[in-house]
Each structure stands twice: as structure tokens, then as C-alpha cells.
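Q: Take the two lone chains and join them into the complex the hints point to.
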Amino acid sequence: EDQVTQSPEALRLQEGESSSLNCSYTVSGLRGLFWYRQDPGKGPEFLFTLYSAGEEKEKERLKATLTKKESFLHITAPKPEDSATYLCAVQGASKIIFGSGTRLSIRP
Amino acid sequence: GAVVSQHPSWVICKSGTSVKIECRSLDFQATTMFWYRQFPKQSLMLMATSNEGSKATYEQGVEKDKFLINHASLTLSTLTVTSAHPEDSSFYICSARDATSGFEQYFGPGTRLTVT
Chain A
7 EDQVTQSPEA
17 LRLQEGESSS
27 LNCSYTVSGL
37 RGLFWYRQDP
47 GKGPEFLFTL
57 YSAGEEKEKE
67 RLKATLTKKE
77 SFLHITAPKP
87 EDSATYLCAV
97 QGASKIIFGS
107 GTRLSIRP
Chain B
6 GAVVSQHPSW
16 VICKSGTSVK
26 IECRSLDFQA
36 TTMFWYRQFP
46 KQSLMLMATS
56 NEGSKATYEQ
66 GVEKDKFLIN
76 HASLTLSTLT
86 VTSAHPEDSS
96 FYICSARDAT
106 SGFEQYFGPG
116 TRLTVT
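Going down the list, the protein sequences come from chains A and B. Position 108, counted from 1, in the first sequence is what this note's numbering calls 114; the numbers after and before it change by one each time, with no gaps. Position 10, counted from 1, in the second sequence is what this note's numbering calls 15; the numbers after and before it change by one each time, with no gaps.
Just chain B, with the same shape it has in the complex (with noise of 0.2 Å):
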């Protein structure tokens, strides 16, 4: 059980466009979802968190125009990276949790984003 997808898995895209990632729980609901990001052999960075149905709560220093996060059912959040830039570039990880059931968040497997 708690199994979190992400798609796509890897990307690759020219600066200046944008690009959508999702983030599905797959056997349950996610009252809360967040995505981190991270840069090689450092650890997690939250960038958001995002309550089903709500607007996302953005960490200090993320640009919410940047960085836009849909939470639009217990399933399923999307970001969208617009206007993409090769700064961009890192690791994009979701996460999921119920917190119905406790404090425990559930990770997606990542999706690299390469802005060329």
C-alpha cells in the first residue's frame, strides 16, 4: 500500500517552455500532497504543499508564478514549471500523505527536468 506515481519520469525541454509533471497516490487518498525539489547529493527542499481543493502553500523564496501547483482531487497534483530556464534543471519529487492515518508522507519515484 501508500504508492505514490509520478510522471513523466524524465524530461527534457528547451528554455522558455513550460512543462507539466503529475503526481498520483495510487491506493489512497491524499488529503495533503507536496513536491521538493533536489540538487545532487543534498537532501530534500520543499518547495510546496498543497491541500486538496485549496490554493498551495508556498515555501520562502519559491516563485509561485514559476512553480504552478493544482491540487484538484485527493489523487492526482500537477506542477508546471513555466518559462522553464536551465537553472530550472534539477530532481522534482512529490509526495502524499493522509492524514487520516498519521504524519507519514509517501514519495513518488522523481522526475528529472533537464531545460536545455
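Pulled out of the complex, with its shape left as it was, chain A reads as follows (with noise of 0.2 Å):
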């Protein structure tokens, strides 16, 4: 059964204390590993895709990398501006399915 499990499900940083969030997958016929910024009251906010193993993102503070079975999303210095829900989505073969997301909260 495909699957998606982000952890942890709340990460509470200082500011400029780097982390990582990860997305453990299973999924039959992977088209791409997504991930999204969503703040309270908002639609997510598109971030990277990922393709294949090995593959990296890098967008500002925020960089995405992609193994055959995870998925992990590097904050390095993070800044109170960082912080909202970070969410991962698999495209299968057939269906997208999203994770439970990761609350991350930075403190000034």
C-alpha cells in the first residue's frame, strides 16, 4: 500500500539552529516526491519536486535531497520566518497521496 510518514510531527528550533524533516515513502511507480509550505489559514506553497535517488534541491535556507526510500528537508539557520508546516506528497502511479506534515516552529 503506498504510504507517506513525515516526523517528526513538531519541531520546536532556536534561531539559526539547523535541522532536517523527513518523509519516509513507499509507492508503486514514483513520478515525483513534492514538497510544500503551508501557514495556517493558507493553501500549501509549492517548494521543490524530486524525481529520482540522489537528485537535490536547494532554495534559500531550505535544501531537499531524495533516496529510494526518504525524502529529507534540510533547514540550515533557520529564521522566525521559517515557521509553518512543511509537507510531503508522493505521485504514484495513480494518485497522489500527502503526508501528515511536520510543525516547525523557530524561536527568535
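Relax, there's no trap hidden among the hints.
Residues of chain B placed beyond 10 Å of chain A at every Cβ, according to the derived structure: (1) Ile17; (2) Lys19; (3) Gly21; (4) Asp32; (5) Phe33; (6) Ser59; (7) Phe72.
Pairs of lysine-lysine residues, derived as DSS-like cross-links and limited to a Cα-Cα distance of at most 27 Å, are as follows: (8) B:Lys46 x A:Lys48; (9) B:Lys69 x A:Lys48; (10) B:Lys25 x B:Lys71; (11) B:Lys25 x A:Lys101; (12) A:Lys101 x B:Lys71; (13) B:Lys46 x A:Lys75; (14) B:Lys19 x A:Lys48; (15) B:Lys60 x A:Lys101; (16) B:Lys46 x A:Lys69.
With beta-carbon atoms standing in for the labels, derived distance ranges: (17) A:Glu62 x B:Lys19: 45 to 55 Å; (18) B:His90 x A:Gly60: 43 to 53 Å; (19) A:Arg18 x B:Ser94: 28 to 38 Å.
Since the hints were made in silico from the structure, they are not lab data. Built from N, CA and C at the ideal position, the CB exists for glycine as well.
A: Listed below in C-alpha cells is the structure:
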């Protein structure tokens, strides 16, 4: 059965404290793995697409990596404005599956 | 690029009435649009997928007669909640995809529906 699991459920960091969010997946026929950022009361904002193991994408303080079983979203020297829920989604052969998200909070 | 709008951003309606939510892709042609529902502190729940000019495909457990979806053009899809009840109160989000450029979905800002 296709499945996406994100961990941790919530993460609180001090400003400048780097960390990583995990997205583990099992899917038949991976078409792509996506990372989104969602602020409260808003729709998800697209961040990255990863297609194959070994691929990496970067945007400002965020870097996404992909293996055959999981993806990491690394956040380097985060700022309070990086606080949000980060969603991972996997597009399989027939449908997209979203993880439950990681709520990231950055304290100044 | 890849901007999706939704209207209204919030709506309050009385039980038994119907409400329509519009989803537009502003700068690309959306061959496929999706409708999601999200409860507080929970992830997205896919309700239905629609391709332009075709009938929507509903996920298991979603009442197609209650949640009417129309995707009449490459830039517009609508979700009509018919005979709304308080349990239909939720955050509804649409997304759009241009199949010619990949599998990424671009989301609208969402619509908060409150049924009194």
C-alpha cells in the first residue's frame, strides 16, 4: 500500500539552529516527490519537486534530498519566518499522497 | 508563475443552502484540478479530481451529489456544496496541474466555509 510518513510531527528550534525534516515513503511507480510549505489558514505553497534518488534541490535556507525510501528537508540557520507546516507528497502511478506534515516553529 | 486563485476566501451560509466555490488558474492552463478538504491541524484530504471537459472522479466516501464539481474550462473549476450542513464546515482548497509540464500541483489560498 502506498504510504507517506513525516517525522517529527512538530519541531521547535532556536533561530539559527539547523535541522532536518524526514519524509519516508513507499509507493509503486514514483512519478515525483514534492515539498510544500503551508502557513495557517492558507493553501500549501510549492517548494520543490524531486524525481529520482540522489537528486537535490535548494532554495534559500532549504535543501531537499531524495533516496529510494525517504526524503529530507534540511533547513540551515532558520529564521522565525520559516515557521510553518511543511508537507511532503508523493505522486505514484495513479494518485498523490500527502503526509501529515511537520509543524516547524522557530524561536527568535 | 503558477498562480491559483480561489473565491470566496471565506463564506458563511445557513444550513440547507448551497454554496459555490471558484478555483482559477491565472497564468497557466490547468488540464487537471483537484479539490481538497482540510480539518484543523490535519493534512489534506483529496475529495475529487477533475479533468477539463470530463466528469470528476470522486474519492471513496465523498458524496458526489453533495459536492458538485464542474471543470468547464482550462482555467476554471467550481465546487458546489449542496444542502450544506454544519458538518460540512471546513477549509476547502483547490489545486491545479498542467500535465504538459509535470506532476506538480499548485494550490489556491483556500476557502473557509462555515455552515450555521
